[in-house]
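**Q** Take the given structure of chain A and dock chain B to it, following the hints.
Here are the chains, one letter per residue:
2 protein chains.
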Amino acid sequence: MRSLPGFRDFFPSDCARRNHLTGTWRRVARSFGFVEYDGPVLEPLDLYRKKNSGGEILGQLFSFTDKGEREVALRPEMTPTVARMLIAKAREYRKPIKWFSIAPFFRYEKQQSGRLREFLQLNCDLVGDDSPEADAELLALLIETLGAFGLTADDVVVRVSDRGAWMDFLAQQGLSDETKAREALAIIDKLEREPRDVLATKLGALGLALEQVEGFIATARPAFFAKLQENLAARGLNGFCALDLRIVRGLAYYTGLVFEVFDRRQERRAIAGGGRFDRLLGDLSDGKVSLPAIGFGLGDVVLGDLLDDVPAAKDRMDAAVAAAQSVDVYVIIADESRRAEGLRVVSLLRSLGCRADYPLGADKVGRQFKDAAAAGSRFALVVGEEWPAMKVKDLQTREETDLSQEALADWATNLQTLAP
Amino acid sequence: MRSLPGFRDFFPSDCARRNHLTGTWRRVARSFGFVEYDGPVLEPLDLYRKKNSGGEILGQLFSFTDKGEREVALRPEMTPTVARMLIAKAREYRKPIKWFSIAPFFRYEKQQSGRLREFLQLNCDLVGDDSPEADAELLALLIETLGAFGLTADDVVVRVSDRGAWMDFLAQQGLSDETKAREALAIIDKLEREPRDVLATKLGALGLALEQVEGFIATARPAFFAKLQENLAARGLNGFCALDLRIVRGLAYYTGLVFEVFDRRQERRAIAGGGRFDRLLGDLSDGKVSLPAIGFGLGDVVLGDLLDDVPAAKDRMDAAVAAAQSVDVYVIIADESRRAEGLRVVSLLRSLGCRADYPLGADKVGRQFKDAAAAGSRFALVVGEEWPAMKVKDLQTREETDLSQEALADWATNLQTLAP
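Residue numbers (my numbering), protein chains in the order written: chain A, 21 to 440; chain B, 21 to 440.
No lab work stands behind these hints, which were simulated from the structure alone.
Fair warning: there could be bad hints in the mix.
Stated by the list, open to error - Restraint ranges, calculated between C-beta atoms of paired labels, are given here:
no., chain 1, residue 1, chain 2, residue 2, range
1, B, Ala429, A, Ala339, 18 to 26 Å
2, A, Ala246, B, Gly134, 52 to 60 Å
3, B, Trp407, A, Ala243, 26 to 34 Å
4, B, Lys210, A, Gly302, 48 to 56 Å
5, B, Glu112, A, Val385, 24 to 32 Å
To be verified - Result set (DMTMM-like, lysine to aspartate or glutamate): computed pairs, CA atoms no more than 20 Å apart in a straight line:
no., chain 1, residue 1, chain 2, residue 2
6, A, Lys200, A, Asp303
7, A, Lys247, B, Glu361
8, B, Lys200, B, Glu234
9, A, Lys222, A, Glu76
10, A, Lys384, B, Asp149
11, B, Lys115, A, Asp391
12, B, Lys115, A, Asp383
13, A, Lys87, B, Glu91
14, A, Lys87, B, Asp86
15, A, Lys247, A, Glu153
16, A, Lys87, B, Glu97
17, B, Lys222, B, Glu212
18, B, Lys210, B, Glu231
19, A, Lys130, B, Glu89
20, B, Lys130, A, Glu89
21, B, Lys87, B, Asp66
22, B, Lys390, A, Glu112
23, B, Lys87, A, Asp86
24, B, Lys247, A, Asp355
25, B, Lys87, A, Glu138
26, B, Lys130, A, Glu91
27, A, Lys130, B, Glu91
28, A, Lys115, B, Asp391
29, B, Lys87, A, Glu97
30, A, Lys384, B, Glu153
31, A, Lys130, A, Glu97
32, A, Lys390, B, Asp149
Yeah, the Cβ is synthetic: ideal placement off N, Cα and C, and Gly gets one too.
Extracted from the complex, chain A is given alone in its bound form (with noise of 0.2 Å):
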């Protein structure tokens, strides 16, 4: 019996992979201040039914009736969930407030090449705070996350837009009615995927037309942009961003910084995205908790493939997936009635922190060494006739050297100690 179309099963170098992933996200979230949540798996279906999930997402999602008669759904993502736990406790918090979440969510997807119907999204989240300033934290968490795999500005771009730019565009053009400008934005969301006769017909039946649209986007440079880049090269992050005023997103509830993360090469789907949501909270509660935010989620599934594209990216990961399935001692139990002494020693390499193995049965000496090199480890000590005197040999200098009961502890606190 195999697992569900487009639902992953982690064998150990899977989930060593995966969690070179969500370790980094974690690491360099938590550099920037940001704090972890998490939400449920399973949530009301009504918290998707409501206005803050876009129309695409609820025909995608996997919803059922429990044994309690609720209807219910797996979350498809994080928006509805982290709003709702900020309307009931915002005020509690100091702002900003800097949140980061890495969980799964589950869409029922067409299957094709970097989409999967169980996949893993950072979300991070700045709440209560309009500034530029806030704009770019955010769009450094970002930027520093990818750089963190050894990505750079050569290898991915964000592309940023500005709602803000678009709707006053619109508005000159007549559309002043937001509710049309949504829609007209909603067909420009798809303007480097549909035909220009389908665009322009589309775009006509609002008033406006597809080269008017085009002119605005190759000339517009709306003010943010220069001092988002001047704030980002002062972190040292130059390059990585450019005004690109196709990106419009589209869901309906973003207000202003929109932008999406690409590989350079376009090969990919979007990689990241995200944007201003300033009246959200304040729409979703009634008012009572009016805070503005900025936030984006980040999956694993595209940003995973790229990783595999990218040499320097991929030694990082390859690394990182070799470490977590490697041992740092292997403790050779070379005579038989010292094996208490020998599950001593290991204990005590573990309590420090290190990961030991050894043999579970009586073995020869030659080939617990085998067993110890197939575990990747990085050291043997071995415990036998000598003992309280060991020996450790370095499996990669083939270097020996003797070792006494009472250097153990500090031997091993000096160790490369568990792997990130």
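**A** Relative to the frame of chain A, chain B by itself:
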């Protein structure tokens, strides 16, 4: 809109608590040379309909039909998934296979203390070795995991039993038929929960006298136990285990050693449970992959409740929770004209693994020091007029020192970095 009953929103302090549990689980399992795997949250319903899951679990499934007309279920336990994965690829791995996973599970249970409908579990399995040493290694992992939280043999007890001894006893009593013997074990499993007359009647129907069963429990001393204790003693793990033949475990597939962990005061449900299942993989693969195995599951709900009860464990958890929500350094921008330099400092600190925060907007220095304290920061680093000279204030000791730009990287590297 609230989360569903039995499901949890993890606000930052809840999430830090959860991560204290899962982080400790992962750290100890890896120290034992176990490697991590995972499977899908959603599985084909048939995976649980087969003989490997118990009847109780089948009645508690969150199951439904997906948009592709597949009968699916949220996973209620890990064993069927890991069995599928082992059967598919066990040949590719060195034996013994030492695998662990940390994952959410879903059961539609009656709302009661210690039970939720979505919970986390650490699952550890040691596959391919049926020796008593393997039993001891797995139990040592379980005990060291509990010990890593600050729990001692005064707080928890591993009640150890042996299905083999029970099967021998039942055979002596004329129950050599395996199905009948399992029926008897299912009754004996309820020895501590059902009235004596009910138990006597049920056992009587199988030709067993309750007094004989109680006599066996009181007097039998299976030989394995002394050896197990000896092995654990060599590891310094005395006093955690008690022979207790009342433990038989409900699931049908166990074959030898079985065990459950309880708080010493026996006030709570089982914290963890497991045992040997030497025939399951062979049975599920029609003999293709006949590997012995022993494993345990340890949930987050009862364990979390217990950690709250035990002061030493609670202190440790509270410290981890506080650390997860604080930063290491708060950069104070004392002179707005030095904001770019402040950003550069913040970026450097973060890239060196420090958790660093700073004010997004201009603010008085006194207010920034208050924000630094509110962020739980250990240090305030002042960037201002004196740039490139800075001042560092230890917010615990109030000690203030000068720091040059050149010395910054070394200072940051020596800092206590990311909390575990």
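**Q** Against the 20 Å threshold, does the CA-CA distance of Lys87/A and Asp86/B hold or violate the hint?
**A** At roughly 16 Å apart (the allowed maximum being 20 Å), Asp86/B and Lys87/A satisfy the hint.
**Q** For Lys115/A and Asp391/B, compute the direct alpha-carbon distance and say whether it is at most 20 Å.
**A** Holds. Lys115/A to Asp391/B sits at ~10 Å (cutoff 20 Å).
**Q** Would the pair Lys390/A and Asp149/B pass a check requiring their Cα atoms to be no farther apart than 20 Å?
**A** holds, 18 Å
**Q** Holds or violated: are the alpha carbons of Lys87/B and Asp66/B at most 20 Å from each other?
**A** Roughly 17 Å separates the two Cα atoms, so the pair holds.
**Q** So the hint says 24 to 32 Å: do the beta-carbon atoms of Glu112/B and Val385/A match that?
**A** holds, 26 Å
**Q** Holds or violated: Lys115/B and Asp391/A, Cα atoms, limit 20 Å.
**A** Roughly 10 Å between the alpha carbons, so the hint for Lys115/B and Asp391/A holds.
**Q** Given the hinted pair Lys87/B and Glu97/A, is their Cα-Cα distance within 20 Å?
**A** holds, 18 Å
**Q** Sort out whether Glu97/A lies within 20 Å of Lys130/A, counting only the CA atoms.
**A** Roughly 17 Å separates the two Cα atoms, so the pair holds.
**Q** Given the hint that Lys247/A pairs with Glu153/A, test it: the Cα-Cα distance must not exceed 20 Å.
**A** It holds: about 9 Å lies between the C-alpha atoms, which stays within 20 Å.
**Q** Is 52 to 60 Å a correct range for the gap between the Cβ atoms of Ala246/A and Gly134/B?
**A** Holds: the Cβ-Cβ distance is about 58 Å, inside 52 to 60 Å.
**Q** Is Lys87/B within 20 Å of Glu138/A, Cα to Cα?
**A** holds, 14 Å
**Q** Going straight from one Cα to the other, do Lys247/B and Asp355/A come out at no more than 20 Å?
**A** Since the Cα atoms of Lys247/B and Asp355/A sit roughly 19 Å apart, the hinted pair holds (cutoff 20 Å).
Hint compliance for this structure: every hint is met.
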